[in-house]
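Engineer: So you can see what is in the structure, the chains are spelled out below.
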Amino acid sequence: MQLFKAFFKIAKHNLPAISIYFLIYAAMTFLLGTTSQKNMDANFQSKALDICVIDEDHSTASEAVVAYLDSMHHLVEVENDPAVLQDYLYYRYISYVLTIPEGFEEKLLAGNTSELFTDVKIPGSSTGYFVDQQLSEYVQTLQLYVSGGYTLKDAISAVNTTLSEHEYVTSITFKQDTVSERKEIFYFYQYLPYIFTVLLISGLTPIILRFQEKEIHARISCSSEPFINRSFQIVLGSICYSLLTWLLFHVLATLVYGDSLFSTNALYAMLNSFAYLMVAVSITYFASSFAISDNVAHMIGNTIGLGMSFLCGGFVPQSMLSEGVLKVAKYLPMYWYLRANNMLAGFSKDAFDLHFYWTAIGIQLLFAAAFLAFALVASRMRRQNA
Amino acid sequence: MFIRSFYYTFLQLIRQKTMLFWNLCFPLLLGTMYNVAFGGLAADEAFHAIPVAVVTTEVENDYGFSDTIRLLSEEGEDQFLDATFTTEEEAHSLLEKKEVIGILYGGSPITLTVSAEMTTFKLEQSILSAFVEQYNLNITAITDIAVNHPENLSDAIRQLGLKTDYLTETSYSDGNLDEKLTYFFNLIAMSCLYAYMSGIVAVTNSQANLSALGARRCISPVNKMLSLFAELCAGILYQFLCTATSLLYMIFVLKIDFGSELFYVLLAAFVGCTTGVSAGFFIGSFGKMSVGMKNGIMMAITMICSFLSGLMVGGMRILVAQICPWFNHVNPAALISDSFYALSVYRSHDRYFLNLATLLVLSALFYLGGFLLVRRKKYAAL
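So the protein lines, in turn, are chains A and B. Counting from 1, position 97 in the first sequence corresponds to residue 100 in our numbering; the numbering is continuous, with no gaps. Counting from 1, position 354 in the second sequence corresponds to residue 744 in our numbering; the numbering is continuous, with no gaps.
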């Protein structure tokens, strides 16, 4: 097993450069994973937005509006400075800024139906529409009670009673175990193929390339080791290397996500990531069958990794990609990986379907086999030409 | 001597294919990818009619529920619902297939059923739930008034029929509020910071213990400060040309809205490149680590700065502002991207110039530190 040993000696030599990559990617995966998730309750709870309310009226009515919004959303305290509010709104840290101007209560009691508030929101956005709708309807009901002869206080308490007493929404599930799962784990799996692609192409290619250098290759070829043995040891080395990478990320994931890594759907996702690992290894083999330098390997790794992730929906959800992009993406392995992952997580419109899951795994394995075949053909052609 | 050093460093830089890839091709490539991927991002935020299944009960008085739903489903700009009137079983199957967001049941009160598995449609579910709540609220109000103040019932019904327009929408600026722009701003910021590579090349070329070329230069009778200065200038120009190419590509080919003031946009990119070169120069001057190691360290720093400024996750900048407010004022990537942001959103240039000034101060500190580290070096042996 001399070649196998040599393989890991080279790997050890490359360790510092690769560990920088590894650490950056590990940190990023977990940061991305933790920032992406919000709101994962099984019971139906209305979506709570981050909104900012500036109350200039300080009246019973304005306080009732603030209390109503507070019961549905997170009220964020932001300095009342247009520049700061603009920044928060721009980076979607708040979705809505409501100003209740002085004289609000009088207008409300007088039955005025226009220009009671001013608001700033992302023009045309759903979130803006949502808050607009809630506000208008709350105020409309208050006015309804007032016009029906209620005092303002009675109107507010009547509305609040109706709101608190009834549950109009039921949340149902069609499949038992998807709901209790934590979703973060699927965000972890969403970014994993990018990292595998980059780490394997930039980490494994330089090692395989060493064995292909002209003199080293000649020296190995004239040894007593049979051809089958030689290839076997290098392939075994690559498999161990990629398995180690896979294991390392899963050990990290176990530390961060704990038991949820082993729920049914997460196990499916784990198997899915393993299938993608095979794809990444075969792409690496394909890349290294061309005599490239280490630097070029880094470039190819990053280009393929980022390219596939953007086209296939690794960074931006597939549901947001245009039809045209998705049509192209179908010819890439990462698309199938991500579609299966989205289905398992419930991120997409695909309902859970085991048949589809196995199809996706199968397609990935076919891609892996195809790349491996290309790699063999390419290296044979190169040897014949040499 | 300055011109000669400048010229040859520039030639050396444009002939390095790896650098050309990272500084020129990579931002172009990433910009194109962003454009492809974020094409639908703004569309996703926009409000669309919500698909629902409607199950009506056989009761006689459904308070005009079906009519209301039909009214709200009328096609047009204000279409709120995309309703399918159907049976209970069919509605369930539509919900299971995720073809509708929820099922509305007529009756008194009206109710809504949603699927817990459709976590990505939380906002639509919430909008539906708010609609149901409001509908029932109005019915309860009318009933309450009819019971407690029957004399005012006609007033109340008249009030209910009034057209309401409670909210007046305003905005803080006329600028483009499209969130995807920040990704492009940060991409250019990253490209500017990639100038660190030129800084490292400059310092490696001039240090006798780092390269043979440096050793050769040490024994030549040329003012070292002058030649080093020329190399740094060449590095800035080289990077600026790369970044400007990416910028022009984004503005004119990808049609990304960087605002109308092209000169200021380019000025910000130029100052960004100066900071990038200075950072590379400073780190490059540290110790005897290999060039690869220094590049690795700078790459890590650049990526972390870019990440914290929002290259990968848009809202990162505000998160940082909340946890550690001073960091946005010293993070070069955040400063560069914020300059573009200030140009595109605000009319006045105060914030823009404050960012540039901070970048220049940072660069001055890096250059000063670097020069202090490399000056007056003597070697007994190499």
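Don't read these hints as lab results, they were simulated from the structure. A couple of the hints might just be wrong.
In silico DSS-like links for lysine-lysine, alpha-carbon gap of 30 Å or less [said to hold, decoys possible]:
| id | chain 1 | residue 1 | chain 2 | residue 2 |
| --- | --- | --- | --- | --- |
| 1 | A | LYS110 | A | LYS156 |
| 2 | B | LYS512 | B | LYS614 |
| 3 | B | LYS487 | A | LYS186 |
| 4 | A | LYS352 | B | LYS512 |
| 5 | B | LYS614 | A | LYS50 |
| 6 | A | LYS333 | B | LYS512 |
| 7 | B | LYS768 | A | LYS50 |
| 8 | A | LYS352 | B | LYS678 |
| 9 | B | LYS487 | A | LYS333 |
| 10 | B | LYS407 | B | LYS678 |
| 11 | B | LYS512 | A | LYS110 |
| 12 | A | LYS333 | B | LYS645 |
| 13 | A | LYS186 | B | LYS488 |
| 14 | B | LYS407 | A | LYS50 |
Engineer: Compare the structure with each hint and give your call.
Structural biologist: Evaluated hints:
Only pairs whose Cα atoms come within 30 Å are accepted, and A:LYS110 paired with A:LYS156 is accepted, the gap being roughly 16 Å. Distance restraint check for B:LYS512 and B:LYS614: the Cα-Cα separation of roughly 64 Å exceeds the 30 Å cut-off, and the hinted pair is therefore not satisfied. For the hint pairing B:LYS487 with A:LYS186, the CA-to-CA distance comes to about 20 Å; that is within 30 Å, so the pair holds. Distance hint between A:LYS352 and B:LYS512 is fulfilled; the C-alpha atoms sit about 13 Å from each other, no more than 30 Å.
Among the hinted pairs, B:LYS614 with A:LYS50 is inconsistent with the structure: their alpha-carbon atoms are about 64 Å apart, more than 30 Å. Our distance criterion of 30 Å between C-alpha atoms is met by A:LYS333 and B:LYS512, whose separation comes to about 28 Å. Restraint check: the Cα-Cα separation between B:LYS768 and A:LYS50 comes to about 67 Å, which exceeds 30 Å; the hinted pair is violated. Restraint check for A:LYS352 and B:LYS678: the C-alpha separation of about 55 Å exceeds 30 Å, so the hint is violated.
Proximity of B:LYS487 to A:LYS333 is assessed by CA-CA distance (about 22 Å); at most 30 Å being required, the pair is judged to hold. The straight-line distance between the Cα atoms of B:LYS407 and B:LYS678 is roughly 25 Å, inside the 30 Å bound, and the hint therefore holds. Of the supplied pair hints, the one linking B:LYS512 and A:LYS110 is violated, its CA atoms being roughly 34 Å apart against a limit of 30 Å. A distance of roughly 27 Å separates the Cα atoms of A:LYS333 and B:LYS645; the hinted pair therefore holds under the 30 Å criterion.
For the proposed pair A:LYS186 and B:LYS488, the alpha carbon gap of about 19 Å is at most 30 Å, so the pair holds. At roughly 50 Å between alpha-carbon atoms, B:LYS407 and A:LYS50 are farther apart than 30 Å, so this suggested pair is violated.
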